[in-house]
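The residues making up each chain are set out below.
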Amino acid sequence: MAILVLAEHDNRTLHPATLNAVAAAQRIGGDVHLLVAGHGAGAVAGAAARVSGVARVLHADAPQLADALAENLAAQVLAVAGRYGHILAPATATGKNVLPRVAATLDVAQISEIVAVLDADTFQRPIYAGNALATVRSADAVKVATVRMTAFDPVAPEGGHASVESIPAAADAGLSRFVSRETTRLERPELTSARIVVSGGRGLGSGGNFAELLEPLADKLGAALGASRAAVDAGYVPNDYQIGQTGKIVAPQLYIAVGISGAIQHLAGMKDAKVIVAINKDPEAPIFSVADYGLVGDLFTLVPELVAALG
Amino acid sequence: MKILVAIKRVVDFNVKIRVKPDRSGVDVADAKMSMNPFDEIAVEEAVRLKEAGTASEIVVVSCGVAQCQEVLRTALALGADRAILVQSDEELQPLAVAKLLKALVDRERPQLVILGKQAIDDDSNQTGQMLAALAGMPQATFASKLDIADGRATVVREVDGGLETIAVTLPAVVTTDLRLNEPRYVKLPNIMKAKSKPLAVFSTAELGVDVAPRLETISVSEPARRSAGVRLPDVKTLVEKLKLEAKVL
Ligand SMILES: Cc1cc2nc3c(=O)[nH]c(=O)nc-3n(C[C@H](O)[C@H](O)[C@H](O)COP(=O)(O)OP(=O)(O)OC[C@H]3O[C@@H](n4cnc5c(N)ncnc54)[C@H](O)[C@@H]3O)c2cc1C
Chain U
1 MAILVLAEHD NRTLHPATLN AVAAAQRIGG DVHLLVAGHG AGAVAGAAAR
51 VSGVARVLHA DAPQLADALA ENLAAQVLAV AGRYGHILAP ATATGKNVLP
101 RVAATLDVAQ ISEIVAVLDA DTFQRPIYAG NALATVRSAD AVKVATVRMT
151 AFDPVAPEGG HASVESIPAA ADAGLSRFVS RETTRLERPE LTSARIVVSG
201 GRGLGSGGNF AELLEPLADK LGAALGASRA AVDAGYVPND YQIGQTGKIV
251 APQLYIAVGI SGAIQHLAGM KDAKVIVAIN KDPEAPIFSV ADYGLVGDLF
301 TLVPELVAAL G
Chain V
1 MKILVAIKRV VDFNVKIRVK PDRSGVDVAD AKMSMNPFDE IAVEEAVRLK
51 EAGTASEIVV VSCGVAQCQE VLRTALALGA DRAILVQSDE ELQPLAVAKL
101 LKALVDRERP QLVILGKQAI DDDSNQTGQM LAALAGMPQA TFASKLDIAD
151 GRATVVREVD GGLETIAVTL PAVVTTDLRL NEPRYVKLPN IMKAKSKPLA
201 VFSTAELGVD VAPRLETISV SEPARRSAGV RLPDVKTLVE KLKLEAKVL
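Protein sequence lines, in the order shown, are assigned to chains U and V. Residue numbering for the first sequence follows our numbering, starting at 1 and increasing by one per position. Residue numbering for the second sequence follows our numbering, starting at 1 and increasing by one per position.
The shape of chain U in the complex, shown without the other chains (with noise of 0.2 Å):
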C-alpha cells in the first residue's frame, strides 16, 4: 500500500519538514503521497509535485483548510486515509496536533516521533526526553506516525514530476475557528534546518541583553537564534525560540550554547548537533559534559570577544 505523507506549508511555501517526513516514507518502502490541504495553496502543490520521490499529491483546497484547525485538517486526511498504510507527518506543531486526531478516529496507535524506521512496522522513538530510544512494534492495520525531522536527511525538494489530483475538501466541522497569528519575524535562518544555532539561557539576564550580545554572534555566523526555557520564560525572546524536551528540536552543525546551565529537559533537543560550544561561568555547569569545545568565564566579556575575533 501506499505512504500518505502531510505537507507542512502555511498555503504559501511548502515546509522543508515535509521533506523529512518523505525521507522517512521512502525508508518504509512504497509509493508516497503528499496531501496538501490548504486554502489558495496551489503554489504548495505544484512544489510538493516536484518532490523528489513523490508519486503523487493529493490538493484539497478549500477556506476551512486555510489555518490548519485540527478538526478540519484530520477529517481531510481521514477522508483518503482508507487509500493507505502508512499516514505520517513531520512532528512539528501542526503535525502533533492533528496526527493524534486521525490515529483515534482510525482506532489505531500513534508512534510519536519516529527516529528510525526498522521495518514497515517497527521504528525507533525516544523517550524520557531522549535518554532512551523505545523500539516499538505496531500491529495496527494503520500506521500513524509523526516524524522527528532531524533523524532523516531530508530528500531534494526539485526532481520530481508526480501527478497532482484535487480532491474533495472535507466540510467545516464547525467546531473551531482561527483568530489570529502572532509569528515571529524570521530574519535568520529558520532554527529546525538552520546550520548554525546561537542558543542563549537565563545567564544572558534579561531581553536586552539577548539582543546585544547574541544577535551580533548569529549575524557573524549566519546563525539561528535558540533559547533555554528559562530565557523565554523570563520573557528575553518568544516562545518559539525554545529548544528542548517540549520546545524545539535542532541538530545543527553547530551549536553554541551561552549561560545556558544544560538540564536535561535542555539537552533533550540539542545533543545531536554535531559541534557543541559551551560558554559558561559556572565550570561544573552539566552542559559541559556534552560540549565539545568549553569556555569558562562570563558571558558579557567571552561573546564579544568571539564577535571580534571572527573579523
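Simulated from the structure, these hints should not be mistaken for laboratory data.
Some chain U residues near chain V, calculated using beta-carbon distances under 8 Å:
id, residue
1, ALA109
2, THR122
3, ALA134
4, PRO238
In silico DSBU-like pairs for lysine-lysine, Cα to Cα no more than 35 Å straight-line:
id, chain 1, residue 1, chain 2, residue 2
5, U, LYS274, V, LYS247
6, V, LYS243, U, LYS274
7, U, LYS220, V, LYS243
8, U, LYS274, V, LYS32
9, V, LYS197, V, LYS50
10, V, LYS50, V, LYS187
11, V, LYS247, V, LYS236
12, V, LYS247, U, LYS220
13, V, LYS32, V, LYS187
14, U, LYS274, V, LYS241
Backbone N, C-alpha and C fix where the C-beta goes; we use that ideal spot for every residue, glycine too.
For this one, chain U is given, so just place chain V with the ligand on it according to the hints.
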C-alpha cells in the same frame, strides 16, 4: 461549568533515568514519582477558573496503578473537588487512556477537559487530541492562555512560528503548555483537608474499555552518549578549533 482534569503519575522530572541492562525497559523501581509537570499546570488552570467563578466543580482523573491515588490527593489538595482513579496494573498507552477518559466524559459531561500536552515519560503528546476525536470535541492544544466566555474557549497556542489564537465551542479539550500558568505549592492544611474529599475507583472493565496495548516494546536502549570535550583557554583557541579541527566555520 464542570471541568475534568486528567493527570498522570510519572518519574519526577529531576530523576536521571537508567535503562535496564536487559534492555527490557527503563528502571523506575525506586525512582521518585510525581504528577506530570504539564498536568500540574492543568490542575492549576482549573483551580483558577473555579476561583474566578467560571467553573463550579473540578473532577480529577488518573489512570494507572493504585499509587496514582497519591497524585490525585495532591490535585485535591490544590483545589480539585473530587477524584476518580481508573485502576489498572497493565501498561496503558495513550489510545487506551483516551478511551477511558471518553467513557468518563460520557458519565460526567464536563464542559471543559484539561490535560497536559505531553507526559514527560513516554513523551507521546497524544492523549488530549485522541480524547477530543473520540468525544467529537474541538481541541486547543499547547495552550499558553485560556479565556472562557459565551460557551466558547478562546485559546492562545504555542506553535512553531510563534503564537496562534483560536476559538473553540464548548465542550472542548485543552492541553497545557509550560507558560499557561505557574502552579501553586500545596499547603499543608490543604493536604489534610484533601484526605476527606471523595475518591472513586473504577476498573477498566467497569468502563467497558479494552486497554490492550497496540504497540509492543521490543527493546529499550541507551542513546549514543556524547563524551565531554575539552576546555579551551581563550576565544582565539576556540575559533582556531572550530575552523581547523571541527571544520564547521
Ligand atoms: C516539564 C518540563 C519541561 C521542560 N522543557 C524544557 C525545554 O524544552 N527546554 C529547556 O531549555 N528547558 C526545559 N525545562 C527547564 C529545565 O529544567 C531548566 O530549568 C532550563 O533549561 C534552565 O534554563 P537555563 O539553563 O537558561 O537556566 P539556568 O539553569 O538558571 O542556567 C543559567 C546558566 O547561566 C550561567 N551564567 C549565569 N551568568 C553567567 C555569566 N555572566 N556568564 C556565563 N554564564 C553565566 C550559569 O552558570 C548557569 O549555568 C523543562 C522543565 C520541565 C519541568
